[in-house]
Amino acid sequence: MVSEKAAPLAATERSSSDTPPAPPPDGVSLTIDGMAVTAPKGELVIEAAERAGVYIPRFCYHPRMAPVGMCRMCLVEVSSPRGPSLQPACYVQVSDGQEIATRSPAARKAQEGVLEFLLLNHPLDCPVCDKGGECPLQDQAMSHGPGETRFVEEKRHWAKPISLGPLVLLDRERCIQCARCTRFAEEVAGEPLIDFLSRGDRIEVAAFPELPFTSYFAGNTIQICPVGALTSPPYRFRSRPWDLEQVETTCTYCSVGCRVAMQSSAGKLVRLLGIDSEPVNQSWLCDRGRYGFEAVNAAGRLVEPLVRRDGELQPAAWHEALGFAAAGIRRAMSSGGGRSVGILGGARLANEDAYAWSKLARAVIGTDNVDAQLGDGLPAELVLGLPRATIEDAVTAKAVVCLAGDLHEELPVLHLRLRGAALQGVPVVEVSPVPTALSSLSYLVPYRPGYLLGAVRALLGEATSELPGTTAADVDAGRRGLADALDSSPEGEGVVVVLGRVSLAESAEQIAAAATLLSERWPAARFLPALRRANVLGALDLGLAPGVLPGRVLLEDGRAWFEDRWATELPAGGGLDAGGMLRAAACGELGALVLLGADPLADFPDRDLARSALETVPFILSIDVLANPSAQLADVVLPAAAHSERGGTTTNIEGRVTRLAQKVVPPGTARADWVIASELAERLGGDLGFDHLEGIWEEIEQLSPVHRGCTLGALVLRGGYDGVVVPVGAAPVRLGSPPSGWRADGVRPIDPMATPGIASADEQGAPLFAGASVPAGSDLSEALGPLDARSVRAGGAGTGEVPPGGNGSLGPAPAGEPPRPPLMGLSSGRFSAPETPRPDGYGVRLVTRRTLFDHGTLVQECTSLAGLAPNQLLRVHPKLVEQLGVRDGERVRARSPRGELVVPVLGDATVPSGVAVLALGAVPVDEPGAALLLDSAAQVVDLRVETLG
Amino acid sequence: MMAPRGRGLSPENLEKAEAIIACYPEKRSGLVPLCHLAQSQDGYLTAEAMDDIARLCGVSAAEVRGTASFYDMLHLEPVGRYVVAVCTNIACMLGGAYTVLAHAEDRLGVRVGQTTNDGLFTLEEAECLAGCDRAVCVQVNHRFFGPVDEAGFDHLVEELVSGALDDTVPPHGVLSRVERSIGLEATAGEAAGRASAGGYGR
Ligand code: SF4
Ligand code: SF4
Ligand code: FES
Ligand code: FES
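Protein sequence lines, in the order shown, are assigned to chains A and B. So the mapping is simple: this note's numbering equals the position in the first sequence, first residue as 1, plus 232. So the mapping is simple: this note's numbering equals the position in the second sequence, first residue as 1, plus 1.
Just chain A, same shape as in the assembly (with noise of 0.2 Å):
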C-alpha cells in the first residue's frame, strides 16, 4: 500500500507559484478544501482549483479540449441543496456559494475506486511501454490510487501493437478510453477518422477498415494520450524518459513557427513534442514538423564539402573547397562585375544566417541579385510593405478573407488555428479556385484562375465585367461573411487578409494586384503572409529579395545609413528576382548562381527554366544540409549545420522572431550558414565582421529598423518564449515579469498531465530553456543575463505591457540615437494585373499547389513521412471525364503551351468545370510532373486533356 500520497511534483510546482487573481466582477465565491477562491462564472472547478493551487487528478480532461467527463477521476465532493454529492470536476462549473472538497474520505475513496477500476485491464507493462516514466496513468496511480489491486482474474489480451494509420501504434489493452485521442481528431482537427469501437471491456480505439487515420495531425493524439495505448513507430522503444535531453525551440518545417519541446537521446534527434504557446501552435503540431527531425538524422546529409574535379563531385578540404567557392565568384565578378553573380534561396535559414548573406552580397559581392523565393511566393515588396496581422489578431478578426493557397497543406497549424476560429463563429471568407480544407466552414467566393482581382471587385461590391466561374450568388455568400464587419468598420477595422500565393499557375501580379485593392479600400485592415518555406519571413526582413535591405527597408532609403554603417559602397538597385536570375542565366548572363538551401530543379516551378539556367551558367555553389537533385550540378556543393545543430533565430508569418536552440552537433564537418558566409566574405577580400552568433544579432537590433528593441535577453527571458514580434511594439508583449502562473524563475509552466512528455523530462534533469542549455539547478538569470535596458526601452513604456501599434509606429529614437530608415509601406499604383487571356472553352484552366508531404528531398529524407507523399493527378469535373470517354484512375495526355504531361485524370465533383487541379512536388524531380507545365512568366495556364489514343 502506498501511504503518502504526494500530488505529482510538476502540477505541485507549479501550483505553488500560481496565485489566484484579483476577483474578476462577474466572479463567483467559493471554497475548495475550505479555501476561499473566486473564480470567473463559467468556470470548470478543475480549473478555478488549479489556480487556487489545489490538484485534482485528471485523465480526460485537456485545458485544449472541450470536457466530456468520460475517466471520472477528477470526482469531487460538491455541495448542493440535497448535501455533497459526488461530481466530475473536469465537467462541473463553479457557481456561487459552492463548497468543494477535493480529499475528503469521500473523494479519495471515489478516486481510488476510479484508479483502481482503471488499472483492471490495464497490463502493467511499464517497463516495456514508451510512456513509462511520463505517463500520468503511473504518476496518479501513486498520488491517488488506493496502491494495491482487488483483482486477481485473467486480464484481457490483444494482438499488439495495431496501427490506427502510416504514423500511429496502437497497444489496445493499454487503452484507458479518455476520448482524448477521439476527441482531438473531431474538435481540434476535424477530422474524425477515430472513434470508439464496441462497448463495454472490448472497446478499442478504432479506424474505419481501408480508411486508415491519415489526419496530417495524428501525431498529436500521440502527445497527449495519458497512457502509453498511442505510441509513433519513429519513437517507439527509442528512448526513455531519462535518457532524454530537450530544449525548447521552433519548428522550421513552415513559417507558422510552432515551438516544441526538441529531445534528444545519446546525442541524437528522437522526438518533438508541441509546446503550449499560446499565441501561436497552443500545444498542436502537424506531422511533418514533428516528424521532419527525421531529416537532420538522415543518410543523405552532406557532411564534407564536395568539389567538382573531372566533372565529378569529389570530397575536399574546407579551406580548398572555399578557395574554389570564392574563385568561382570571382570570376564571375572579374568578367561582369558583382551583378553576374546571382544569390538563390535563403529561406531555410536562420535570421542570422540571412543577414550575413545578405551583407556578403550588397557589401562584399555589390549584388543586388538575391531571392530568398523560388518564384512560388509573392513580391517582397508587397509582403513587407503591407500592415501586418499576427494569428491571434486572425482567428479574433471580425472577419478573415483567404486569398491563399489551401493552408491545410501549406501551413498546417494556421489552418488549424483558422478552423477553430471559424468553429468560434469568426467568418472566413475564401476566395478560391478550389474549395479548400476549410471551404466547410467558410464562405467559397470560387473564380477561374486569372480573375482573381475581378472576384475581390465583386466581393468590394465594385462593378467588374462577366467573372467566368463565380455566379451572383458566391458572391453574395461572400458579400455576407464580410457584411457584419464592414458595417461596424468600412475601412476594414478588425478584418485579416490572409495573403498567399493562391495557385502556382497563376501569376503573382493579379494576388499583388487584388491585395493593393483589399488595402486601398480597407485602410485599417491588416494582412498576415501565408508564404510557406521555413524563414521566409526572416530571409525578407534580412533583405534577401532584390531591392531591399535589412529591416524592411528599400535599398534606396537604407542606401545611406548602411553604407554608412557597413562603411562599403551598395550596389545599384533593381536586382533580379529568382525567375529574373534563371532566364539572365539561361541566356549567359550570370557567370555564378549560389544556391543558398535552394533547390530550383524540384521547387521552381518551371522546370525546364531551372534546367538550362543550371545547365548554362558557368558556376554554381550549392549551400546545403541535405544533397538535392540541383546540388548534384555544383562545382562546389558545402555542407550546412541545421538550425538543431547550431542556433539562432528564426521568423514566422506574424514577424514574430523566436529563438532557435541547438541540441546536437552537426554531422562530419557541417557548418552553419553564416560561418560560410564569414568565410568566403574573407576570400573575397571582405569581412563580415561576425565571429559568433549572438555578435549577428546585436548588429541585426543595431542597425535594422524592424528589429531595434528586440534583444537576444528579450528572447530568452521572462515571457519572451513565445518570441518577440517585430516591430516591437506591432503586437502585445510582456517583457520584464513572468506571466501569470509561470514559475518564478521565468521558466514556462508545462502542464504535466496535458503533454506529459515534456513535463517529466524536465523534472528529470532536462529542463526545458529557450535557446539555451541551462545545467539544472543553474541560476537562470546568471546563465542567461539579465534583461537589458534596451530590451524593454524600444516599445516605449519601459515595462509591462506594450500597446499594439502597427507597421512603422517605431516610436521616436531615444536621444542619442541616430534616426534609422523608415520602414517601408505599399506605394499605390505599385502592383497591377495585366489584361488576363480569356479562357477559350475547349481547356480548363490549372490550378498548381503543393502538397504537406511531396517527392522534394526534406519529405524524401524523412523515412516516416516519405511513403505518404501522395500519387500525381489530375483532378477535374466528373463531366470532363466523362467526355473523354475515360475511367478514374486512367491516363490522358495534358498539354499547356509550356510542355506536355502524361498523368492519370480523377473526377472530382468539388472542382469546378473549366478547372483542372495537379498538384507540384506529387513526382520525383527526375519524373515529369507538373512543373513541366507550368511557365514563370505567364498570367495564367491552359490545359488541354486528351485522350492518349
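None of these hints come from the bench; they were simulated from the model. There could be a bad hint or two in this list.
[What the hints assert, rightly or not] Which residues of chain A face chain B? A few of them, derived with a C-beta cut under 7 Å, are:
| id | residue |
| --- | --- |
| 1 | Phe383 |
| 2 | Val384 |
| 3 | Pro424 |
| 4 | Ile426 |
| 5 | Leu429 |
| 6 | Ser430 |
| 7 | Arg431 |
| 8 | Glu436 |
| 9 | Ala439 |
| 10 | Phe469 |
| 11 | Leu802 |
[Said to hold, decoys possible] Every beta carbon over 12 Å from chain B, so not counted as near; a handful from chain A, in silico:
| id | residue |
| --- | --- |
| 12 | Asp357 |
| 13 | Thr414 |
| 14 | Ala417 |
| 15 | Lys500 |
| 16 | Pro511 |
| 17 | Val658 |
| 18 | Pro678 |
| 19 | Thr848 |
| 20 | Glu877 |
| 21 | Thr901 |
| 22 | Gly917 |
| 23 | Asp923 |
| 24 | Gln996 |
| 25 | Thr1095 |
| 26 | Ser1096 |
| 27 | Gly1117 |
Beta carbons are placed, not taken as given, at the ideal position from N, Cα and C, and that holds for glycine.
Got chain A; can you put chain B with the ligands on it based on the hints?
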C-alpha cells in the same frame, strides 16, 4: 479518394434513407435507423453501406462503425440465416441456460459468436431477453422460444432447417424486417403459443 465501390444501399433504400433522415432535425440522428435499414438489406452492415450512411448523416465512417458496434443487434460481420441467441442471464441461468448453450455449441458445431459453415446459424449468448417467464429463453431472428431445454433446442433447429417455421421466423431478422413481415407482437404471441404447445421444452 478512389475507394472501391462494393454493395452500398440500393437505390430504393437510398430513397428510404433520405426519407428517414428527413424525420429528424439533425441529420446524424438518423444514424441508427439507417443502420437498421442497411442491415435489413444485407443482414449485416457492409463497409460500403456504412460509407453511405456516413455521407447521408454527415459524419465519418469511423463514427458510423463506432456507433453501430455499441449495439448487439447491429452486426458488423455477415451472419447466418438464423441468429440464435441463448439467454444466460439470471432466470435462464438458474433454469439451465449454460447447459443449453453448451449443447447448442455442440449441436451446431460452432462457438458463441460464430456462424455455421452452411451459413444457416449464428450462435449468440444474450443478456436478459425479457422472456424470463419462459426461461430458458432462446431468440431466433428476434422471435422468442421457450422454455427450451436440450432436446427442445434440437427440435427447434430441425424445424428451422426443415422450413417448418418459415412462416413465423423471417430470415436475417432485424427489427424493420420483422416489423414489416409480422410485427413483434405477433411474433412473441405465436412463439408463446408454440412453446406452450410443448414444442421445445418441458
Ligand atoms: S488511446 Fe489514449 S488518448 Fe485514446 S482513448 Fe485510449 S487512452 Fe485515451
Ligand atoms: S505547422 Fe509548420 S511550424 Fe508548425 S509543426 Fe507544422 S511544419 Fe512545423
Ligand atoms: S472525468 Fe474529469 S478528468 Fe476525466
Ligand atoms: S433472464 Fe433470460 S430472458 Fe430474462
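Status of each hint after checking the structure:
| no. | hint | verdict |
| --- | --- | --- |
| 1 | Phe383 | violated, 22 Å |
| 2 | Val384 | violated, 23 Å |
| 3 | Pro424 | holds, 4 Å |
| 4 | Ile426 | holds, 6 Å |
| 5 | Leu429 | holds, 5 Å |
| 6 | Ser430 | holds, 5 Å |
| 7 | Arg431 | holds, 5 Å |
| 8 | Glu436 | violated, 9 Å |
| 9 | Ala439 | holds, 6 Å |
| 10 | Phe469 | violated, 28 Å |
| 11 | Leu802 | violated, 54 Å |
| 12 | Asp357 | holds, 26 Å |
| 13 | Thr414 | violated, 8 Å |
| 14 | Ala417 | violated, 9 Å |
| 15 | Lys500 | holds, 35 Å |
| 16 | Pro511 | holds, 31 Å |
| 17 | Val658 | holds, 22 Å |
| 18 | Pro678 | holds, 22 Å |
| 19 | Thr848 | holds, 42 Å |
| 20 | Glu877 | holds, 39 Å |
| 21 | Thr901 | holds, 46 Å |
| 22 | Gly917 | holds, 59 Å |
| 23 | Asp923 | holds, 55 Å |
| 24 | Gln996 | holds, 36 Å |
| 25 | Thr1095 | holds, 25 Å |
| 26 | Ser1096 | holds, 22 Å |
| 27 | Gly1117 | holds, 18 Å |
Of the hints listed earlier, those the structure fails to meet are numbers 1, 2, 8, 10, 11, 13, 14, in rising order.
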